[in-house]
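With these hints in hand, go ahead and build the complete structure from the sequences.
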Amino acid sequence: MLVPVLLFIVGLLFLIKGGDWFVDGASALARRFHLPELLIGATVVSIGTTLPEVMVSTMSAVSGHGEIAYGNAIGSVICNSALIAAITIAVRPGKVDPKTLRVPVAFFFAAAAIYCVAAYAMGEFTRPLGFVMLAMFVAYMVANVLQMKKAPAAAEAEAEAENAGEEMSLTKTLVLLVLGAVLIALGANLLVDNGTLIAQALGVPESVIALTFVALGTSLPELVTAITSLVKGCSDLSLGNIVGANVFNLVLVSGMSVTLAPFTVPQSSTLFGINSSLVLEIPVMLAVMMIMTLPALKRGRLSRAQGIILLCIYAAFCAIQFTM
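Numbering (UniProt numbering) for the sequence shown: 1 to 324.
Treat the hints with care, since some could be wrong.
[To be verified] With a straight-line cut-off of 35 Å between C-alpha atoms, the simulated DSBU-like cross-links for lysine-lysine are:
| no. | residue 1 | residue 2 |
| --- | --- | --- |
| 1 | K17 | K172 |
| 2 | K150 | K95 |
| 3 | K298 | K172 |
| 4 | K149 | K95 |
| 5 | K95 | K298 |
| 6 | K150 | K172 |
| 7 | K298 | K150 |
| 8 | K149 | K298 |
| 9 | K95 | K17 |
| 10 | K172 | K149 |
FYI, nobody ran anything at the bench for these hints, they're computed from the structure.
Shown next as structure tokens:
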């Protein structure tokens, strides 16, 4: 049991560091070809920070562990909303700009509606559904770029501040890209293999490990971003990043894994005699997103009560997962 846990942690560290290096290398390469900073931020960086989830879910689905692929996507949304965003909101409630949330929130609930149809009506995630999700991902990226172009000065300033420093050499750029990709692949492999072993040792379904430990681990970059934003007093920026990450988890992470290896809705655990995926995971995912975003869209404010409620929901969700 100790060895799988240690290797699981090593896998997480590989994923996080590999994703960081890959984003740095990809951003430097994009700037070398004189791509606009706002385009880099809206595409390269956004995709790069979601690579851990993409790789874990894709490798899980391809290797026949559909429960991990399913649990990682939904679990990451729940973790982002009910833990990471909740901490941000509870510590520093305040005003947010509803305009920055409208596009990602609309895309999230549109994707969630399709997700619900697949889960409740079909009971499986098929390859055509994967193509639809990936098409939504492309549409979201286009909408994201267009939205950033409406406020190019702010977008450029933020991107340039993040990328300040000397220009990276081509050799270092390529090394970071390759090493980042290798670490992500190795980390995902360690995470999936040892997450499965831990689930077997604990006697719980693979989806439980994916919904909790794997989801929390792959969401660590978002947690770091949230803490950094808190320190800088930019909690609205943190919320926008988290909502965007949730969209990516549904349309890119799920879309990629389902397209490569379709899988059915996990049925390894029940709640009140009903598949827990249908009465717990998906409803909680939708509920925490509504609690996090709807008050912000309506009133343009975040309250400390929201954060506390979300944290309580996350604690209850994790407790139920390990007692079913």
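query = Under the criterion that the straight-line Cα-Cα distance not exceed 35 Å, is the pair K149, K298 satisfied?
reply = holds, 25 Å
inquiry  = So if I understand the rule, the pair passes when the alpha-carbon distance is 35 Å or less; does K150 with K172 pass?
reply    = holds, 34 Å
key: K150 paired with K95 [C-alpha distance capped at 35 Å]   = holds, 21 Å
ask   = Given the hinted pair K172 and K149, is their alpha-carbon gap at most 35 Å?
value = holds, 30 Å
ask   = Taking only the CA atoms, is the gap from K17 to K172 under or equal to 35 Å?
value = holds, 16 Å
query = When you check the alpha-carbon spacing of K149 and K95, does it fall within 35 Å?
reply = holds, 23 Å
key: Restraint status (C-alpha distance of K298 to K150 at most 35 Å)   = It holds: about 22 Å lies between the C-alpha atoms, which stays within 35 Å.
key: Straight-line alpha-carbon gap K95 to K17, limit 35 Å   = holds, 33 Å
request  = Given the hint that K95 pairs with K298, test it: the Cα-Cα distance must not exceed 35 Å.
outcome  = holds, 11 Å
request  = Decide if the proposed pair is consistent with the structure: K298 and K172, CA atoms, cutoff 35 Å inclusive.
outcome  = The hint is violated at about 46 Å.
Consistency with the previously given hints fails for number 3 only.
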